[in-house]
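**Q** The chain contents come next:
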Amino acid sequence: MRPLTYSRARDVDDALALVAAGPDSAFLAGGTTEVDLLRAGVSRSGHLVDINDLPLTAVEDRPDGGLHIGALARMNDVARAPGVVHRFPAISRALLQGASEQLRNMASLGGNLCQRTRCPYLRDGVSACNKREPGTGCAALDGPNRGHAVLGTSDHCIATHPSDVAVALVAFDAVVHTVGAAGARAIAADDFFLLPGETPEIEHPIGRDELIVGIDVPGTPIARNSVYLKFRDRQSYEFALVSVAAAIEVDAGIVTDVRLALGGVGTKPWRAWRAEAALVGGPATEAAFRRAAAVELADAVGREQNAFKIELAQRAAVRGLNQSLKGIRS
Amino acid sequence: MSTTESRQDIRGPHCVPVTVEINGRGRVVDVEPRVSLLDALREHLGLTGTKKGCDQGTCGACTVWVDGRRVLACLTLAAAAAGHEVTTIEGLADGDELHPMQRAFLENDAFQCGYCTPGQIMSAVKLIEEGNATTDEDISEFMSGNICRCAAYPNIRAAVRQVRDAAGGAA
Numbered sequence: 001m002r003p004l005t006y007s008r009a010r011d012v013d014d015a016l017a018l019v020a021a022g023p024d025s026a027f028l029a030g031g032t033t034e035v036d037l038l039r040a041g042v043s044r045s046g047h048l049v050d051i052n053d054l055p056l057t058a059v060e061d062r063p064d065g066g067l068h069i070g071a072l073a074r075m076n077d078v079a080r081a082p083g084v085v086h087r088f089p090a091i092s093r094a095l096l097q098g099a100s101e102q103l104r105n106m107a108s109l110g111g112n113l114c115q116r117t118r119c120p121y122l123r124d125g126v127s128a129c130n131k132r133e134p135g136t137g138c139a140a141l142d143g144p145n146r147g148h149a150v151l152g153t154s155d156h157c158i159a160t161h162p163s164d165v166a167v168a169l170v171a172f173d174a175v176v177h178t179v180g181a182a183g184a185r186a187i188a189a190d191d192f193f194l195l196p197g198e199t200p201e202i203e204h205p206i207g208r209d210e211l212i213v214g215i216d217v218p219g220t221p222i223a224r225n226s227v228y229l230k231f232r233d234r235q236s237y238e239f240a241l242v243s244v245a246a247a248i249e250v251d252a253g254i255v256t257d258v259r260l261a262l263g264g265v266g267t268k269p270w271r272a273w274r275a276e277a278a279l280v281g282g283p284a285t286e287a288a289f290r291r292a293a294a295v296e297l298a299d300a301v302g303r304e305q306n307a308f309k310i311e312l313a314q315r316a317a318v319r320g321l322n323q324s325l326k327g328i329r330s
Numbered sequence: 001m002s003t004t005e006s007r008q009d010i011r012g013p014h015c016v017p018v019t020v021e022i023n024g025r026g027r028v029v030d031v032e033p034r035v036s037l038l039d040a041l042r043e044h045l046g047l048t049g050t051k052k053g054c055d056q057g058t059c060g061a062c063t064v065w066v067d068g069r070r071v072l073a074c075l076t077l078a079a080a081a082a083g084h085e086v087t088t089i090e091g092l093a094d095g096d097e098l099h100p101m102q103r104a105f106l107e108n109d110a111f112q113c114g115y116c117t118p119g120q121i122m123s124a125v126k127l128i129e130e131g132n133a134t135t136d137e138d139i140s141e142f143m144s145g146n147i148c149r150c151a152a153y154p155n156i157r158a159a160v161r162q163v164r165d166a167a168g169g170a171a
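Residue numbers (UniProt numbering), protein chains in the order written: chain A, 1 to 330; chain B, 1 to 171.
Bear in mind the hints are in silico, worked out from the structure with no lab data behind them.
The model shown is predicted, which means the values in this text are computed figures rather than measured ones.
Positions of the beta carbon are idealized from the N, C-alpha and C atoms, including for glycine.
One or more of the hints may lead you astray.
[Unchecked claim] Which bits of chain A does chain B cover? Going by a derived footprint, with three or more residues having C-beta under 8 Å, they are: (1) 6–17; (2) 54–67; (3) 94–106.
Start from the sequences and build out the full structure, keeping to the hints where you can.
**A** Rendered as structure tokens:
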């Protein structure tokens, strides 16, 4: 690992000032991505501003049925908070199916949203990777790419976003709150993750010196019936090949409201807007679920090793919707 | 708080003294900010019970407790552990009396090469405290962050069950 300097922020203003002061400064929260990528030589941070003393760890129920999650709340604490378990089971399940107990004790929710892709070409430090070194190309296009994305890809990058909980947060219209020199901002979770396009190195619409302070999830009764299903090569401690956050509300056989998002298949946590639109107002049948899933995946681009995800994602979406409908939580 | 005042807090890149409470005892170690808690324990404090497996947060061999929670020492910077309470495998026994989980690992032959064992034990003690050792399925799920290349998993589960049951039934 390259040499580092280190400081501990005493409050949010202090953190912002410390990060702004150095061109290669970065915030240090749980460290599970940053320390790992520093050691791998992928992160080029030269100064770490430790924000773990900041009072941003709350997980609170809001009167509207929603949640406030502090940016430094740890994955395990969020997953097991009663309000999350009861009001947003998909968020709890997504968190508990991510990483391991040790990592969940360390990793913060703000850091989770900012984690880098697990694409091996980014991590190996030598392959062509437009995220690591813009302009070098994307080794995944023609190399081993079984784990890569089929939705939201470009000729410049097909890396998947690795987060589980982000999939559930996107499904429930979470809002990411940040502060920076220019003041506070509220960014819809779906907008917080950028498609790679021609600039895959730009992953979020925030500056290096902008700090996530919290995540709000608006109250929505449908979330109580939500599920999160994860399909992967190992039963535990593994990233998703495909995952799905789903919640559906039905009245007299007709879909009145639905939330659907996919993980493991997109270059960002993938809100299935088109499938949702196809479902609302129609019958809550398996055939309708299949048609809606097909609509969502219609533009998917499969490559040599990952084309199987196109079918798997549709089946996962159908299963997620079925389980939400029948109240089967996992 | 002014930027100038904050800047005086910047430490490194050279060695700086870091004060950490380890196994109930205050220790001062001179390390660069880039040094992990794992390397500080092993290379600077002679506490080699905590093992370095992957050094990238994957294998769990370096599992220690920080403020009573199991975490990975390889992804924790020693500087970031300053002011916190760290417990390592060396802090588990009561004098010459092994911790019940250590004894259970011996009695159940819960290892072969033994390299992952300190991390397994540090995780297993917390697993029971966390209340997630009720079924074999749960034990496997919530111990999945500790890889055993010798695949001693059945006997590791047996050791966990033994301690769980001795502690007064399913957690």
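**Q** Could you run down the list of hints and mark each one as holding or not?
**A** Verification of the hints:
1. 6–17: holds (count 9)
2. 54–67: As far as the stretch 54–67 of chain A goes, the hint is violated, because 0 residues have Cβ atoms under 8 Å from chain B.
3. 94–106: Answer holds; 7 residues pass the 8 Å Cβ test.
The structure fails to meet hint 2 from the earlier list, while all remaining hints are met.
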